[in-house]
Amino acid sequence: MAAQNGEAKRTKVTMRVLVTGGTGLVGQAIRRVVEEQPSEDEEWIFVSSKDADLTDTTATQALFDKHQPTHVIHLAAMVGGLFKNLKYNLDFLRNNIRINDNVLHLAYENGVRKCVSCLSTCIFPDKTTYPIDETMVHNGPPHESNFGYSHAKRMIDVQNRAYYVQHGCTFTSVIPTNVFGPHDNFSLEDGHVVPGLMHKVYMAKRDNKPLTVWGTGSPRRQFIYSYDLARLMVWVLKDYQEVDPIILSVGEEDEISIKECAELVVEAMDFKGEVIYDTTKSDGQFKKTASNAKLRKYQPDFKFTPIKQALKETCDWFAENYDIARK
Amino acid sequence: MKVLVTGGSGLIGQAIRMEVEENPKTDEEWVFVGSKEADLRDAKQTKALFEKHRPTHVIHLAAEMGGMFRISTHTVEFLRNNLLINDNVLYNCYAMDVKKCVTALTSAIFPCDSVFPVDESNVHDGPPHESVSGYSWSKRMVDVQNLAYNKQHGCKFTSVVPINCFGPYDNFNLKDGNVMPALIHKAYLAKKNGEALPVWGTGSSRRQFMYSRDLARLMMWTVKEYDEIDPIILAVGPEDEISIKEATELVAEAMDFQGEIAYDTTKSDGQFRKTCSNEKLRKYLPDFEFTPMKEALKATCDWLSQHYEEART
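Listed in order, the protein sequences are those of chains G and P. Oh and the first sequence: position 20 is 19 in numbering that gives the first Met the number 0, straight run, nothing missing. Oh and the second sequence: position 221 is 220 in numbering that gives the first Met the number 0, straight run, nothing missing.
Some hints could be false.
Here are a few chain G residues that sit away from chain P, every Cβ distance over 12 Å (derived from the structure) [unchecked claim]:
#1 R112
#2 N207
#3 K271
#4 K307
#5 D315
#6 I323
Below are the SDA-like pairs computed for lysine to any residue, each with C-alpha atoms no more than 20 Å apart in a straight line [stated by the list, open to error]:
#7 K126(G) / Y93(P)
#8 K83(G) / N149(P)
#9 K83(G) / K150(P)
#10 K150(P) / E143(G)
#11 K174(P) / T312(P)
#12 K86(G) / Y93(P)
Source of the hints: derived by calculation from the structure; they are not laboratory data. Predicted, not measured: the structure shown is a model, and the values here were computed from it. Every residue gets a Cβ at the ideal spot worked out from N, C-alpha and C, and that includes glycine.
Please work from the sequences and hints to get the whole structure.
Here's what the structure looks like:
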């Protein structure tokens, strides 16, 4: 069972997991997975910026002192959409390096057995061949629009390797492709493509207006449901022993176009109005295909939630929780 | 112009000091600081240092340094401490409105799988060699920060990539020092003790070497005139690359060592070439004249002989 905020329980457990960024999209999904299958041997603690400012070393140490985790899932980061990244590359770089350094170094100093951090497919080199795989992370500069964020995330991998080589720590990382799910950021300006579409459909339906999708709808993307990502991250925490990162994604064969995605969202939200593709707007990159061969090597039988079902669940959550959803 | 030089007591700092003392200018003030004045890993101490001196320009040479052995076995410290030092210095440059900050990177930042010669555009093309990983990544982050400070705040922070440097005040330690000062020290000892001069490897590896006084002059030019944010390699040309064998023979000549040179071919040669292009430098300074090797080595050997007791050995 997830522990309450406040006094941490000093229960005798084999595993006490501290989840930073615990109230976000992925954190909430992990909470769901943990609550579906609670174990008496495990204690899960979900913390957010309200509990500690992770850019502050003293505050981060206090967090570790309070909870004394044996394991860490590190999701906390300064994040933002394209425009925020463009404007504040320095802050994204410095704040995230600081957060990651505090968490990783204190994990080391506090004897944490395993720490799993979250990278992102957006940190890969801008000029690359496809499909991208885990070996390519550092093979060239990232896209300039979010280079600050990207370099800070890449440094997690560098630090993981350094702690392993020098101290034998098992700190590792995962690289999810586009995640979506309940508790996402549905902001039209800041959010990612799927939650953005859901919010647009919601408003189009509410206001009886057409749905306008930016671009031609032809770019293709791999999407991963936050619930599936969470299940995989719990597996990584327990059983993935490599220090090198692992891409967590559906396969290339499950890539869908933005148009297909929009149609599935329309269906899920029962939108009957017109769908317009504003082809004056940029399509962005056509493909960003990531290989999930490494994941399949470890988990050949893992079943991803069918995209239709995943989108329906998320759309339902959004419609029911519109007032409190982040937007 | 008031220039704060961090790491001011090291090889390059001392070389800049010598240049400044030989060619003082009335409208320039140069302040050389070392770790005694401030621990740059500490944000408060760095801030206090900047507030005390209020520089208009900074040459940032300070780093957690070490020889190959230490760098490869303490990768976490080299990564974290240098990230801290560099972040503190750059942040204070920004906060105190420093007009220009030039940081010294290292040629060890280039990817280990590089095709040679490398140039400034190759810095981020792949991971650096494992043995220098922590140090190298922390230096690469300076370039990333320079770009970020420029994009977000319009700051003019830049960097140089010097190749193998040598000169007075070098680290002549046989285990920790770079190849040229180590050779010079070995020649000094061989001459003194009437022994053979031992050289590791076959002597066939090739390197570019630069006199610290030349690097100092170039860094002073960079802080005043170089306006790009992207780094600039400061090096003699690829055509001036010499083999370790040639370097040893030049050192022996400079030290007036007449004895035997013994190549221990059981020891590794290291990387065959690490050639850096100096095309960008030549574009800016086509007429810059590097000190001839013989002269530079003679000056360094003489310095070590005269200052052996207080030299870093």
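Structure-based check of all given hints:
The non-interface label for R112(G) is consistent with chain P: the shortest C-beta to C-beta separation is roughly 18 Å, beyond 12 Å. For N207(G), the requirement that its beta carbon stay farther than 12 Å from each beta carbon of chain P is met, with the minimum near 42 Å. The beta carbon of K271(G) sits about 45 Å from the closest Cβ of chain P, which is more than 12 Å, so the claim that it is off the interface holds. For K307(G), the condition that its CB be more than 12 Å from all CB atoms of chain P holds, with the nearest at approximately 40 Å.
Listed as a non-interface residue, D315(G) keeps its Cβ farther than 12 Å from every Cβ of chain P; the least gap is roughly 40 Å. Once the 12 Å rule is applied to beta carbons, I323(G) is consistent with being away from chain P; the minimum gap is 33 Å. Taking the CA atoms of K126(G) and Y93(P), the gap is near 31 Å; set against the 20 Å cutoff, the hint is violated. The hinted pair formed by K83(G) and N149(P) meets the criterion: a straight-line CA distance of about 16 Å does not exceed 20 Å.
Taking the CA atoms of K83(G) and K150(P), the gap is near 13 Å; set against the 20 Å cutoff, the hint holds. Restraint check for K150(P) and E143(G): satisfied, since their Cα atoms lie roughly 11 Å apart, inside the 20 Å limit. Among the hinted pairs, K174(P) with T312(P) is consistent with the structure: their alpha-carbon atoms are about 9 Å apart, no more than 20 Å. For the suggested pair K86(G) and Y93(P), the alpha carbons sit about 17 Å apart, so the restraint of at most 20 Å is met.
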